[in-house]
Amino acid sequence: MNQTIQLIKQDALRVKALDCINKLNLPHCDLGAGFVRNLVWDHLHQKPNPTPLNDMDVIYYDAAETDETLYLKYETQLNALLPDVNWQVRNQTKMHIRNGDEPYHDIVDAMSYWPEKETAVAIRKIDHYASENHYECISAFGFESLFNLQVSYNPKRHRDIFETRLQSKQWLTHWPRLKVTVY
Numbered sequence: 001m002n003q004t005i006q007l008i009k010q011d012a013l014r015v016k017a018l019d020c021i022n023k024l025n026l027p028h029c030d031l032g033a034g035f036v037r038n039l040v041w042d043h044l045h046q047k048p049n050p051t052p053l054n055d056m057d058v059i060y061y062d063a064a065e066t067d068e069t070l071y072l073k074y075e076t077q078l079n080a081l082l083p084d085v086n087w088q089v090r091n092q093t094k095m096h097i098r099n100g101d102e103p104y105h106d107i108v109d110a111m112s113y114w115p116e117k118e119t120a121v122a123i124r125k126i127d128h129y130a131s132e133n134h135y136e137c138i139s140a141f142g143f144e145s146l147f148n149l150q151v152s153y154n155p156k157r158h159r160d161i162f163e164t165r166l167q168s169k170q171w172l173t174h175w176p177r178l179k180v181t182v183y
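Residue 122 in my numbering is what sits at position 122 of the sequence shown, and the numbering runs on without skipping anything.
Note that these hints are calculated values from the structure, not bench results.
Misleading hints may appear alongside valid ones.
As the list claims (entries may be wrong) - Here are the simulated lysine-lysine pairs, PhoX-like style, with alpha carbons at most 25 Å apart:
| id | residue 1 | residue 2 |
| --- | --- | --- |
| 1 | K47 | K16 |
| 2 | K94 | K156 |
| 3 | K47 | K156 |
| 4 | K156 | K169 |
| 5 | K73 | K23 |
| 6 | K73 | K16 |
| 7 | K73 | K47 |
| 8 | K23 | K9 |
Sequences are here, hints too, so could you generate the full structure?
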């Protein structure tokens, strides 16, 4: 986790993105998925330049939110702050409906249903420290397999979803040292 935070602090775009989502003041709000995963895999592959992100997955957990389209407002606000990014904002209290799951209890529970275990990672800025940027990293499955260059099937999802994502995202082409783990 500490190594992940150090990598984030060295990436100007990621620091700026975390500053942007922090301004939304959303409860339990993190940037997840490829935002963290790709940075770690790039580092472990010693890539001189970061792999471009398709989007920035902003996840938050607000059980009191009733407006089904509020995420669009948040995406608009983020686009005003950092327009060259494809922002995807989702309240995880609602995502179980789309995914056909039981309601999620919190962000980590929601991430535990993501198709790959190494994707189920996220980070947020914590403001309550006066002078330094402090971050909190979370993961549904820990960080060991991420740093061991694994991409692991999550049995909470259909295996064909995992296989499709593995091919369509071309992870083995971008990061050839990855080991696919299906158990």
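**Agreement of K73 and K47 with the hint, judged by alpha carbon distance not exceeding 25 Å** = violated (35 Å)
**Request:** Verify the proposed pairing of K156 with K169, using a straight-line Cα cut of 25 Å.
**Result:** holds (20 Å)
**Asked** Regarding the pair K73 and K16, is the alpha-carbon distance no greater than 25 Å?
**Response** holds (19 Å)
**Prompt:** Has the given pair, K73 with K23, been kept, meaning a C-alpha gap of at most 25 Å?
**Reply:** holds (13 Å)
**Request:** Mind checking the alpha carbons of K94 and K156 for me, to see if they're no more than 25 Å apart?
**Result:** holds (18 Å)
**Asked** Taking only the CA atoms, is the gap from K23 to K9 under or equal to 25 Å?
**Response** Holds, because 18 Å separates the two Cα atoms, which is no more than 25 Å.
**Request:** Take the C-alpha atoms of K47 and K16, compute the straight-line distance between them, and say whether it is at most 25 Å.
**Result:** holds (21 Å)
**Asked** Going straight from one Cα to the other, do K47 and K156 come out at no more than 25 Å?
**Response** Violated: K47 and K156 sit about 32 Å apart, past 25 Å.
Violation of the numbered hints given earlier is confined to hints 3 and 7; the remaining hints are satisfied by the structure.
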